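Peer 1: Each residue of the sequence shown is one higher than the one before, starting from 1 at the first, in our numbering.
One should not assume that every hint holds.
Said to hold, decoys possible - In silico BS3-like pairs for lysine-lysine, Cα to Cα no more than 25 Å straight-line:
1) 111 x 165
2) 417 x 499
3) 209 x 239
As the list claims (entries may be wrong) - Restraint ranges, calculated between C-beta atoms of paired labels, are given here:
4) 11 x 667: 32 to 42 Å
5) 391 x 728: 23 to 33 Å
6) 657 x 443: 31 to 41 Å
Hints listed in this document are in silico derivations from the structure and should not be mistaken for laboratory results.
Treat the numbers as computed from the prediction; the structure is a model and nothing was measured.
The C-beta atom is built at its ideal place from N, Cα and C for all residues, glycine as well.
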Amino acid sequence: MIYNVIVDISADPIDKPFYYKSDFALNIGDRVLVPFGKRKIEGFILSKEEKPINVKYEIKDIIQKLDDFSCLSPEFIELANYMNKKNIRYIDSFRLFMPTGIRKGTTKAKKVNYLLFNQTHTLDSALAFVSERATSQREIIKKMHSEIEALESEINKEFSASAVKSLLEKRILIRETRVENRLPIAMQRESKDIILTDDQRYVINQILKSEHDKFLIHGVTSSGKTQVYISLIENYLKKGKTAIILVPEISLTPQMLGIFRAKFGDKVGVLHSKLNPGERHDEWQRIRKGESTVVLGPRSAIFAPIKNIGIIIIDEEHDQSYISESNPRYFTVDIAKFRAKYNGAKLVLGSATPSVETYKAAEEDGEYILLEMPNRINKSELPEIEIIDMRIERKQGNTTLLSKPLVAAMLEALKRKEQIILFLNRRGYSSYISCQDCGYIAKCPFCDVSLTYHRYPEMLSCHYCGAQYKTINKCPECGKTNLKSGRIGTEQVCDLLKKVVPDARVLRLDNDTTTKKDSYNKILSAFNRKEADILVGTQMVVKGHDFPDVTLVGILDADISLYVSNYRANEKTFQLITQVAGRAGREQKKGKVYLQTLNPAHPLYAVARNYEYKKFYFREKTIRKNAYFPPYSRIIKIMCTSEKEYIAANKSRIIFKQINDALEGKPGVIRIKHMYSSIKKLNNKYRYQVMIFIVEEEANKYMQTIYDIVNKNSTGDASIFIEINPQD
1 MIYNVIVDIS
11 ADPIDKPFYY
21 KSDFALNIGD
31 RVLVPFGKRK
41 IEGFILSKEE
51 KPINVKYEIK
61 DIIQKLDDFS
71 CLSPEFIELA
81 NYMNKKNIRY
91 IDSFRLFMPT
101 GIRKGTTKAK
111 KVNYLLFNQT
121 HTLDSALAFV
131 SERATSQREI
141 IKKMHSEIEA
151 LESEINKEFS
161 ASAVKSLLEK
171 RILIRETRVE
181 NRLPIAMQRE
191 SKDIILTDDQ
201 RYVINQILKS
211 EHDKFLIHGV
221 TSSGKTQVYI
231 SLIENYLKKG
241 KTAIILVPEI
251 SLTPQMLGIF
261 RAKFGDKVGV
271 LHSKLNPGER
281 HDEWQRIRKG
291 ESTVVLGPRS
301 AIFAPIKNIG
311 IIIIDEEHDQ
321 SYISESNPRY
331 FTVDIAKFRA
341 KYNGAKLVLG
351 SATPSVETYK
361 AAEEDGEYIL
371 LEMPNRINKS
381 ELPEIEIIDM
391 RIERKQGNTT
401 LLSKPLVAAM
411 LEALKRKEQI
421 ILFLNRRGYS
431 SYISCQDCGY
441 IAKCPFCDVS
451 LTYHRYPEML
461 SCHYCGAQYK
471 TINKCPECGK
481 TNLKSGRIGT
491 EQVCDLLKKV
501 VPDARVLRLD
511 NDTTTKKDSY
521 NKILSAFNRK
531 EADILVGTQM
541 VVKGHDFPDV
551 TLVGILDADI
561 SLYVSNYRAN
571 EKTFQLITQV
581 AGRAGREQKK
591 GKVYLQTLNP
601 AHPLYAVARN
611 YEYKKFYFRE
621 KTIRKNAYFP
631 PYSRIIKIMC
641 TSEKEYIAAN
651 KSRIIFKQIN
661 DALEGKPGVI
671 RIKHMYSSIK
681 KLNNKYRYQV
691 MIFIVEEEAN
701 KYMQTIYDIV
711 NKNSTGDASI
721 FIEINPQD
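Can you make the complete structure from the sequences, with help from the hints?
Peer 2: Next comes the structure, spelled out in structure tokens:
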């Protein structure tokens, strides 16, 4: 039999099946070892055929099959074909489908030795085999007779290994090797019987009874969407089906894992990149074998090897983290649609602030059934949002990021022993260092961005490539010492709080404080246990956390996300305000939010303060329709990168010319532009791009032409990738 094999090398010229033959039976999806050039390399069987034609090279033998199972199911083979048509290499897809330790065979199951008391013996008969002077052996016998079994490593700690060896030789003890799962950490939760609200029951019934396969749940914060997800999954498990539930951040996984394990126990598996190789291996295998029937995790969990899926749920569907912005680039919702269709499953998206594209697809296009949950659980009110005009604060001499009304509210909350969240979507001490004499700004030599100043430890760092440098005391351009830091970040807010509320206990939550494994979980758990009074954080604090004692939220600089050169700026700002405000006033405690801005008259703040999503949506939809922005157009960004600027520039110009020749003047094509990226250099690579704007109704007819041109040019020293409706 002849097999088409994809070899485990990520390179465009090699991204195609190669013929190999074998006398022993193999299955599609098997991982095999094959000769490739002068080396042996892993590969995956994509398909097989009896007699290939027009083969211009010697067909070599497959050396061996590497596993006792097929790594790739037929579903994942089809998914790889689907992704390959979207400019994603086969092997890059396969690398998404399985952990590196599985793909390379480097991580194995953890095997543990247990000692068991041989049940053919009584205590007396076992002791009769052992001399009175062998005190260790006799103690082991007594212990094992009462405990029946124990870890061999624990017995060896308490007694001598030689004593254990003697008892094994005498068959008084039996050694049994077992595979032990390395389970990821979950925040412990108790399972509670929940009485569903009318909103929850309505949504659940609509999804279960409808013949439609895609749904959007638009539910305000604290409306009980998580309980809806649990009830839906419970229904599908009873039918013998499985489920996938996605959360926007790895950091949310321990919290959600605790909630779902409290209900479903060890049926819940988890996949994400922060698991160590052993944990990832064990979870992947448990899912593949069907031991886990519910899979939870961030976007990478959509590739879990779970079969017979009944429902896929994407929580906080609007979140940008569902878009992979590094190779291979994909949109999680697209993958979820493919898997749902393949399995005949239902797809449920949930959000308090759906993306404009998704809400239009439900409200206007009918792709999703729109289900509303307008009420909070227990009918508790959404927190009041008070807008603070920071221009007035400046005129009154307050140049800090803590307005007088916010400070007064903080002092009152602290007196009541309540908790506070302060949100600032900028980490570090300040966003940049600049010279006041010559205008120099400290920039990363590998990226075309300013370096962020950190005070503890004192350094400059790039938040794109991670490079770190010593801070500067004088300008390297003019030699002067008149240096000033730019807009402040979370770290400086914490310093300010030491002066304003010196007795308050403060925690900080951002990418800089959560670099170590489980650090995120530890910070949140400490705040939940009321070991801190104030939590200062970036958008990490926005994502779905439930702190019953938080009654006050301060949005320190609402304008950060509003005044950026991006058509999504209004949407992102509305989402952040709504999400962070939802952290206040849960359960029976009334919440209050202070939103600080230099532009209180901006129309966005008027709808945000009243949580008027639909008003925001219809206004934003009109703006985008008039300007030909998504969802009324499709923006295709083709990015060319290289360490040599002329290579990136030339490659992008070639692609621009070919696409322009093919599409210019065609119906629905709005414009085609060639330019360098807004960040011209990133990770020591220069970035040039081609931007194509097409009316959405016409876009599909041109996509294959665009993919073909890009694939044809995907050779040489430049890396090329495509983004649809890019986030920046």
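Peer 1: Are the hints correct? Go through all of them and say.
Peer 2: Here is how each hint holds up against the structure:
| no. | hint | in the structure |
| --- | --- | --- |
| 1 | 111 x 165 | 19 Å, holds |
| 2 | 417 x 499 | 19 Å, holds |
| 3 | 209 x 239 | 14 Å, holds |
| 4 | 11 x 667: 32 to 42 Å | 37 Å, holds |
| 5 | 391 x 728: 23 to 33 Å | 29 Å, holds |
| 6 | 657 x 443: 31 to 41 Å | 32 Å, holds |
Hint check: no violations occur; every hint is consistent with the structure.
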